[in-house]
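Q: Under numbering that gives the first Met the number 0, the first residue of the sequence shown carries the number 0, and numbering increases by one thereafter.
Incorrect hints may have been included.
Each computed DSS-like pair below joins lysine-lysine, with the alpha-carbon atoms no more than 25 Å apart [stated by the list, open to error]:
#1 K3 / K17
#2 K26 / K9
#3 K43 / K9
#4 K26 / K43
#5 K3 / K22
#6 K3 / K43
#7 K22 / K9
#8 K43 / K22
#9 K4 / K43
Listed next, with one range per pair, are the computed distances between beta-carbon atoms [claimed, not checked]:
#10 G18 / R46: 24 to 34 Å
#11 Q12 / L42: 13 to 23 Å
#12 K4 / G25: 30 to 40 Å
#13 Q39 / K9: 16 to 26 Å
#14 Y45 / K17: 24 to 34 Å
Hints in this document: simulated from the structure, not taken from any laboratory. Ideal Cβ positions, reconstructed from N, Cα and C, are used throughout, including at glycine.
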Amino acid sequence: MELKKAPAEKALQQIREKGYGEKYRGKNLYYVGIEIDTEQRNLKGYRIEQSTPAV
Numbered sequence: 000m001e002l003k004k005a006p007a008e009k010a011l012q013q014i015r016e017k018g019y020g021e022k023y024r025g026k027n028l029y030y031v032g033i034e035i036d037t038e039q040r041n042l043k044g045y046r047i048e049q050s051t052p053a054v
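Please model the entire structure based on the sequences and the hints provided.
A: What follows is the structure in structure tokens.
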């Protein structure tokens with residue numbers, strides 16, 4: 000899971016680029032990118048992406 004002030008897609012992009020899920024390769028994973036609005040102090044959006052296990 001990654002929290003960002005930028006769009007949720009940017010958070011997912013960071014998760015993929017930095018390889019946060021690599022040590023869990025072979026397991027079912029869900030990557031969650033969450034966009035927050037710091038002015039309203041609230042959730043602005045989110046995206047969930049399922050990673051298929053590599054065998």
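Q: Does each hint fit the structure? Answer for all of them.
A: Hints, verified against the model:
1. K3 / K17: holds, 15 Å
2. K26 / K9: Within the cut-off at roughly 23 Å; holds.
3. K43 / K9: Since the Cα atoms of K43 and K9 sit roughly 13 Å apart, the hinted pair holds (cutoff 25 Å).
4. K26 / K43: violated, 29 Å
5. K3 / K22: OK: K3 and K22 at ~23 Å, within 25 Å.
6. K3 / K43: Roughly 10 Å between the alpha carbons, so the hint for K3 and K43 holds.
7. K22 / K9: holds, 21 Å
8. K43 / K22: Violated. K43 to K22 sits at ~30 Å, over the 25 Å cutoff.
9. K4 / K43: holds, 9 Å
10. G18 / R46: 24 to 34 Å: With a Cβ separation near 18 Å, G18 and R46 fall outside 24 to 34 Å, so the hint is violated.
11. Q12 / L42: 13 to 23 Å: At roughly 19 Å between Cβ atoms, L42 and Q12 fall inside 13 to 23 Å, so the hint holds.
12. K4 / G25: 30 to 40 Å: holds, 33 Å
13. Q39 / K9: 16 to 26 Å: Since the Cβ atoms of Q39 and K9 sit about 19 Å apart, the hinted range of 16 to 26 Å holds.
14. Y45 / K17: 24 to 34 Å: violated, 19 Å
Comparing the model with each numbered hint stated earlier shows that hints 4, 8, 10, 14 do not hold.
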